[in-house]
Amino acid sequence: MIGRSERMCSAACLELMHAEMVSYFLSARETRESAQKEMERLGFRVGQKLAERYTKDYGRITEPMEVLRFIFSDFWPVVFSKPPDSLTTNNNSLYYIEDTDFRWTSKISVTSRTTLEDASYFLTFPCGIVKGAFAALDVDADVKADFQETPSRCLFTIIFKGKAIPTR
Amino acid sequence: MANFARSGEMAFLKADKINSEIFSLTYGAMVAQIMKDYEDIEEVNRQLDRMGQNIGSRLIDELFAKTGIPVSSNFMETAEVIAKVGFKMFLGITANVVNPTPQQYSLTFRDNPMVDFVELPDNCANLRYCNLLCGVIRGALEQVQIKVECHFVRDMLRGDETNEIQVRFLEQVRESALDQSFA
Amino acid sequence: MINCVAVVGKSNAPLFLKTYHVPETLKFHYTVHTSLDVVEEKCTIRAPSSTVSTPQDMYLGLLYPTEEFRIYGYITATKTKFIVVTDDVDVRSPLMEQFCKNLHTLYVNMVCNPFYAIEQEQKIESPVFIRQVEQLVQRFNEGSR
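First to last, the protein sequences are chains A, B and C.
Its first residue numbered 14, the first sequence is counted upward by one per residue in the numbering used here.
Its first residue numbered 4, the second sequence is counted upward by one per residue in the numbering used here.
Its first residue numbered 214, the third sequence is counted upward by one per residue in the numbering used here.
Chain A with its partners taken away, still in its complex shape (with noise of 0.2 Å):
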């Protein structure tokens, strides 16, 4: 099972140089979208990494349901610092992750000058890193993620590509 390392540093300072990297890529990047694919690509090969590290106590997993649910259960809780509230599906390919209160973003207060939409780039980062953690594990996977009214309150949704899961 994956948990706490032996190593823990103040929640604050990824919360802090997650904010600069997003206005570093926001002011360095001609297009929103350019600052967008470039922060989901960084956060993929976090995700990557992280999933490497987490999987190595864990065991060998070897269907994408599993993976779903070790992302889901032990990933999630880790990465993220708690668990998800929900998981639900509409369809083989659809999955939706709902967290209510994800602390990456809980923190950003929406005024008139900060809108959800500016809120919304703080969402890339994350979604990379969960579909580096899926690919790493052999599931090709989009993930995309919205604000439930509040940034505090988002869901995910992943698509899977390739062969569907079989629900259970």
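It should be emphasised that the hints constitute simulated quantities derived from the structure, not laboratory data.
You may find that some hints are simply not true.
[Stated by the list, open to error] Partial list, computed: chain C residues near chain B (C-beta under 10 Å):
1) F229
2) L230
3) V321
4) N322
5) M323
6) V324
7) C325
8) N326
9) F328
10) Y329
11) A330
12) S339
13) P340
[Claimed, not checked] List time: in silico DSS-like cross-link candidates among lysine-lysine, alpha-carbon distance up to 25 Å:
14) K292(C) / K69(A)
15) K336(C) / K240(C)
16) K314(C) / K292(C)
17) K20(B) / K120(A)
18) K69(B) / K39(B)
19) K174(A) / K50(A)
20) K95(A) / K39(B)
21) K69(A) / K223(C)
22) K95(A) / K17(B)
23) K69(B) / K150(B)
24) K336(C) / K223(C)
25) K39(B) / K336(C)
26) K255(C) / K69(A)
27) K20(B) / K69(A)
28) K95(A) / K120(A)
29) K240(C) / K69(A)
30) K223(C) / K240(C)
31) K50(A) / K120(A)
32) K336(C) / K292(C)
33) K223(C) / K174(A)
34) K69(A) / K95(A)
35) K69(B) / K120(A)
36) K255(C) / K223(C)
37) K231(C) / K69(A)
38) K292(C) / K174(A)
39) K314(C) / K336(C)
40) K174(A) / K157(A)
Glycine is no exception: its CB is placed at the ideal position from the N, C-alpha and C atoms.
Chain A is already provided as a structure; the job is to place chains B and C on it using the hints.
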């Protein structure tokens, strides 16, 4: 001094924490990206410093809010606060203050979660991988009206036996003057 | 005595191959390459008692023996393969398993270097990793004597 160490430990104990590799991997990805964006390594160092400055100006608020340490604008006093409280409550490590004078002091530390796993490629001899920290210190001190110059003089990633950040006092600024320097 | 350690990437690209106490001949490259088929075969077999939801062992044990060597395998959850070639006839399996687990730890730490491009299955050139694997092999070889 013992009080500062205790304040730092208490603050770290109470803080929301994450596995340090999540932070170090995120930071590392960012450093690698900036190196791709800028050919000039000195510019990479500047970018890291600038990011740190923004982070520092916000971390200092949290430090005062969480520890109850009184705000001090005395340059020499800031050394212990950074070394024993700042480093501890954010990175979980402590630094030592070396040769403090009213003009300058050094912070030395060996353990640093930011560089766990890092091996520098051959082509970046002048990279100051952790330059973010210099920015953090500069940004934090600016919030208490102290302008400093801050840089790495020793770096374990480059084979030195310890890490050493030198902090040099430049001037005490009035708040209005500080605002102008940002304009 | 361990004669060869290899790391093979997700899509079977060779990432690392070093020989110890013997010259790095084509033979080892060939042996490692051949063993991948056996790894694949072993991976399709599940432990009889396990259900779909139980994670499987990463250590695959003895892949196959040749006249000269015994070849052991290990596969991570991310499908990175470790192939270990030894000339011992009688290897204590728990020791080999521990060797692979230690190698896994070194590999994971190497991967976490921000300058390692994991998505490109970059060849492993890290001096730290190379040195640490060598030490691991040395310890194993001293212990198995």
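Comparing the hints with the structure gives:
{"no.": "1", "hint": "F229", "verdict": "violated (15 Å)"}
{"no.": "2", "hint": "L230", "verdict": "violated (20 Å)"}
{"no.": "3", "hint": "V321", "verdict": "holds (9 Å)"}
{"no.": "4", "hint": "N322", "verdict": "holds (5 Å)"}
{"no.": "5", "hint": "M323", "verdict": "holds (8 Å)"}
{"no.": "6", "hint": "V324", "verdict": "holds (8 Å)"}
{"no.": "7", "hint": "C325", "verdict": "holds (4 Å)"}
{"no.": "8", "hint": "N326", "verdict": "holds (5 Å)"}
{"no.": "9", "hint": "F328", "verdict": "holds (5 Å)"}
{"no.": "10", "hint": "Y329", "verdict": "holds (8 Å)"}
{"no.": "11", "hint": "A330", "verdict": "holds (9 Å)"}
{"no.": "12", "hint": "S339", "verdict": "holds (6 Å)"}
{"no.": "13", "hint": "P340", "verdict": "holds (7 Å)"}
{"no.": "14", "hint": "K292(C) / K69(A)", "verdict": "holds (12 Å)"}
{"no.": "15", "hint": "K336(C) / K240(C)", "verdict": "holds (20 Å)"}
{"no.": "16", "hint": "K314(C) / K292(C)", "verdict": "holds (15 Å)"}
{"no.": "17", "hint": "K20(B) / K120(A)", "verdict": "holds (15 Å)"}
{"no.": "18", "hint": "K69(B) / K39(B)", "verdict": "violated (37 Å)"}
{"no.": "19", "hint": "K174(A) / K50(A)", "verdict": "holds (19 Å)"}
{"no.": "20", "hint": "K95(A) / K39(B)", "verdict": "violated (33 Å)"}
{"no.": "21", "hint": "K69(A) / K223(C)", "verdict": "holds (15 Å)"}
{"no.": "22", "hint": "K95(A) / K17(B)", "verdict": "holds (17 Å)"}
{"no.": "23", "hint": "K69(B) / K150(B)", "verdict": "holds (24 Å)"}
{"no.": "24", "hint": "K336(C) / K223(C)", "verdict": "holds (12 Å)"}
{"no.": "25", "hint": "K39(B) / K336(C)", "verdict": "holds (20 Å)"}
{"no.": "26", "hint": "K255(C) / K69(A)", "verdict": "holds (19 Å)"}
{"no.": "27", "hint": "K20(B) / K69(A)", "verdict": "holds (22 Å)"}
{"no.": "28", "hint": "K95(A) / K120(A)", "verdict": "holds (15 Å)"}
{"no.": "29", "hint": "K240(C) / K69(A)", "verdict": "violated (30 Å)"}
{"no.": "30", "hint": "K223(C) / K240(C)", "verdict": "holds (22 Å)"}
{"no.": "31", "hint": "K50(A) / K120(A)", "verdict": "holds (24 Å)"}
{"no.": "32", "hint": "K336(C) / K292(C)", "verdict": "holds (16 Å)"}
{"no.": "33", "hint": "K223(C) / K174(A)", "verdict": "holds (19 Å)"}
{"no.": "34", "hint": "K69(A) / K95(A)", "verdict": "holds (21 Å)"}
{"no.": "35", "hint": "K69(B) / K120(A)", "verdict": "holds (17 Å)"}
{"no.": "36", "hint": "K255(C) / K223(C)", "verdict": "holds (16 Å)"}
{"no.": "37", "hint": "K231(C) / K69(A)", "verdict": "holds (23 Å)"}
{"no.": "38", "hint": "K292(C) / K174(A)", "verdict": "holds (19 Å)"}
{"no.": "39", "hint": "K314(C) / K336(C)", "verdict": "holds (21 Å)"}
{"no.": "40", "hint": "K174(A) / K157(A)", "verdict": "holds (13 Å)"}
Checked against the numbered hints given earlier, this structure breaks hints 1, 2, 18, 20 and 29; the rest are met.
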